[in-house]
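Novice: Heads up: the sequence shown runs through residues 213 to 926, numbered per our numbering.
Hints listed in this document are in silico derivations from the structure and should not be mistaken for laboratory results.
The model shown is predicted, which means the values in this text are computed figures rather than measured ones.
No residue lacks a Cβ here, since even glycine has one placed at the ideal position from N, Cα and C.
Any given hint might turn out to be false.
Simulated restraints on C-beta separations [what the hints assert, rightly or not]:
| id | residue 1 | residue 2 | range |
| --- | --- | --- | --- |
| 1 | R884 | T747 | 27 to 37 Å |
| 2 | E626 | K440 | 39 to 49 Å |
| 3 | E451 | L674 | 28 to 38 Å |
| 4 | F227 | R412 | 49 to 59 Å |
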Amino acid sequence: MSNQTEGRELIEAFFAAINLRDLDQCAAILAQLRSLAREHPAYEPWCTYFDGILISERDHDWAEAERTFSRLLQADLDPPLRGRVLIALGRIREYQGRWAEAICADEEALSIFAELGRPLDQAKIWKHLAISYRRGFTQGDFGPEALQRAIAYCRRALEVLEPIADPSPDVAWLKGSVWNTLGLICRSLGRWDEALDCYRQDLAICRSLDDRFGMGLSYGNLGEIYQKRGRDFWPQALEAYRAALSIIREFDDRYEETEALANLGFLHQEMGEYAQALDYYGRAIEIIEDLRVGISSAAARAGFFATVADTYANAVLLCLETGDLRRAFDLVEQARSRAFLDALAVRSLELARRVEAPTLSLAQVQAALPDDALLLEYFTTGLVEARDERPAARHPERHRFPPARTLIFAVTREGIEAHDAGVSPNDLRPHLLKSVVERHFLRPAIRRALYERLIGPIERLLRGRRRLYLVPHGPLHYIPFQALLVPDGDTLLREGGPQLVYSPSATLLLSRELREREPTQEPCLALGYNGVGETRLRFAEEEAISVARLTGGHALVGPSPKKETLFNQAARYRLLHISCHGEFDPQAPLSSALHLAPNESLTALEVLQRLRLRCALVVLSACESGLSRVRRGDELVGLVRAFLYAGAPALISTLWRVDERSTLALMERFYREVQAGAGFAEALQRAQLHLRSRPPFTDPYHWAPFILIEGHGP
Numbered sequence: 213m214s215n216q217t218e219g220r221e222l223i224e225a226f227f228a229a230i231n232l233r234d235l236d237q238c239a240a241i242l243a244q245l246r247s248l249a250r251e252h253p254a255y256e257p258w259c260t261y262f263d264g265i266l267i268s269e270r271d272h273d274w275a276e277a278e279r280t281f282s283r284l285l286q287a288d289l290d291p292p293l294r295g296r297v298l299i300a301l302g303r304i305r306e307y308q309g310r311w312a313e314a315i316c317a318d319e320e321a322l323s324i325f326a327e328l329g330r331p332l333d334q335a336k337i338w339k340h341l342a343i344s345y346r347r348g349f350t351q352g353d354f355g356p357e358a359l360q361r362a363i364a365y366c367r368r369a370l371e372v373l374e375p376i377a378d379p380s381p382d383v384a385w386l387k388g389s390v391w392n393t394l395g396l397i398c399r400s401l402g403r404w405d406e407a408l409d410c411y412r413q414d415l416a417i418c419r420s421l422d423d424r425f426g427m428g429l430s431y432g433n434l435g436e437i438y439q440k441r442g443r444d445f446w447p448q449a450l451e452a453y454r455a456a457l458s459i460i461r462e463f464d465d466r467y468e469e470t471e472a473l474a475n476l477g478f479l480h481q482e483m484g485e486y487a488q489a490l491d492y493y494g495r496a497i498e499i500i501e502d503l504r505v506g507i508s509s510a511a512a513r514a515g516f517f518a519t520v521a522d523t524y525a526n527a528v529l530l531c532l533e534t535g536d537l538r539r540a541f542d543l544v545e546q547a548r549s550r551a552f553l554d555a556l557a558v559r560s561l562e563l564a565r566r567v568e569a570p571t572l573s574l575a576q577v578q579a580a581l582p583d584d585a586l587l588l589e590y591f592t593t594g595l596v597e598a599r600d601e602r603p604a605a606r607h608p609e610r611h612r613f614p615p616a617r618t619l620i621f622a623v624t625r626e627g628i629e630a631h632d633a634g635v636s637p638n639d640l641r642p643h644l645l646k647s648v649v650e651r652h653f654l655r656p657a658i659r660r661a662l663y664e665r666l667i668g669p670i671e672r673l674l675r676g677r678r679r680l681y682l683v684p685h686g687p688l689h690y691i692p693f694q695a696l697l698v699p700d701g702d703t704l705l706r707e708g709g710p711q712l713v714y715s716p717s718a719t720l721l722l723s724r725e726l727r728e729r730e731p732t733q734e735p736c737l738a739l740g741y742n743g744v745g746e747t748r749l750r751f752a753e754e755e756a757i758s759v760a761r762l763t764g765g766h767a768l769v770g771p772s773p774k775k776e777t778l779f780n781q782a783a784r785y786r787l788l789h790i791s792c793h794g795e796f797d798p799q800a801p802l803s804s805a806l807h808l809a810p811n812e813s814l815t816a817l818e819v820l821q822r823l824r825l826r827c828a829l830v831v832l833s834a835c836e837s838g839l840s841r842v843r844r845g846d847e848l849v850g851l852v853r854a855f856l857y858a859g860a861p862a863l864i865s866t867l868w869r870v871d872e873r874s875t876l877a878l879m880e881r882f883y884r885e886v887q888a889g890a891g892f893a894e895a896l897q898r899a900q901l902h903l904r905s906r907p908p909f910t911d912p913y914h915w916a917p918f919i920l921i922e923g924h925g926p
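Can you build the whole structure from these sequences, using the hints too?
Specialist: Rendered as structure tokens:
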């Protein structure tokens, strides 16, 4: 056998094995191909390509798979292989919910296969483009126009596939998959009869191929249509959902089982059978909690984030409907934890698995709360990224999508209350995150209305409280609670008022399972860099020098490199202060960075991976340092969470671009209070009250962006 023939057969054998999900066989074939590549380097790119596939499908490490494919695309590849790598890259981005980036990769691959005259490959890509547009709409990232694009792509694929007589099993399966995708789109548009026809086409193809798993998925889709057609069709919906669950369990696919259970819970909830609904939601959540971060099937990854967010949200709302506040609170904590881990896994699967930890129950939270503290934990549902200005009756359908609610859980040592704030989280979301608008939420009328909605329902519980813990969710992360206007005209931050402490979750805030901290040797490390050009700051370096002087610490300022010093020496210091230009990346929050020197930036991902702290406090005195991307179901991911997980039990950051003069004045006062013996929350409260009493800093723009965040990482 010639080497060329052997190489081609190994490549075809790998594709056959991956279609059968025989990953051990794939690894064995790859080992043979690597041996061949030692003598024939032309096969090296194929080895790298297959390695990336195994990293994704076997190791479930999307971040490393994406890096592998991206590096490979920098080489001079033959067009067919380049097209395949682009398709693989698109799938990795699709799994992560990065729809626009997936579409870009698919469109580049499409142009390659169009030039090569390979219509079947084009049909596969059209299907994936349709899936990305549909899922992007379903998860609220795209507007309704995405559905029309998705339909057009399905039609183009069917124009290629339908005329093929006596298609091979692979082609028949692709045709059924396109019909299924078109049915999902028609369902979203409320075109029930068309959707049923599409699903029946897919079901017939699955039966002809004896594709039991595909039949299970088709039954689930049919159930959704019957459910949407109303009460008279609910028995048929129930029958279809049960058939889907039964078939899917034959294949031990935990994701699709979660989907089927969530569908049954949603149907029973709509039928008013709340006990059965909670039972099914509970079973779905048990599977979600049992699944480690990183899901085993490609289809699962593509939609798992939405399923998790919707299942938790619907279960929380139903628990409140039935008066089970304790279970609702526990689910909220679980939802926060899972959302953060799933978001973190997009960039580092190993890191996400390392920080997995159990959440606290309400009873544990109450036992850990100080007597004089009130915990306000917020939870939002039904957040839509893409805006649709049309009347609600004309909005396309998002299956299992929860109603838009902003919930308040007020917890003391003695009890818990839950309230609906009566405001949609979609009305609280800033329109832009590329450049944060400093005065968002700062108009007096808005601050007064937000106090009434978000604090007013539990105002009586604030009396006599020394500490107010705030756990925002969704777009509430952008709200400066300290600046909210009380009916008497003062703000929530006031003389004699409670000290405000923010946290990502009650679990992170109150967990007592902390590692013993060795005493630090030095008082403070202060880093400062003014920068250059348009972003140049005037007082960042002066601020770092002033902080070092006030604390008896060490300042590292100017253009000299600082990152390696930080990694190597930070654990020696009790206080870490960083004053520089910071930049928030809304599309890739873990790429958000602090600019420490020319051509030297510290990203959130580097903090998570390399920084280990034993300090008592980190201060990020930088533009946009406290911002984090929040999406439906997500928890904050950015520099704040990174430093908390690096070991900082407390952190001060900013919500928007901060005026340098007010920052310098506030920080000097804050450190004087700390050196005098005040706790961090009390010191920040005093510093902010001092600043707001001094013209020209009385406007909340100057004093309100600074927040203290507490949260003990693992």
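Novice: If a hint holds in the structure, say so; if it does not, say that too.
Specialist: Here's how the hints hold up against the structure:
1. R884 to T747: 27 to 37 Å: holds (29 Å)
2. E626 to K440: 39 to 49 Å: holds (44 Å)
3. E451 to L674: 28 to 38 Å: violated (52 Å)
4. F227 to R412: 49 to 59 Å: violated (30 Å)
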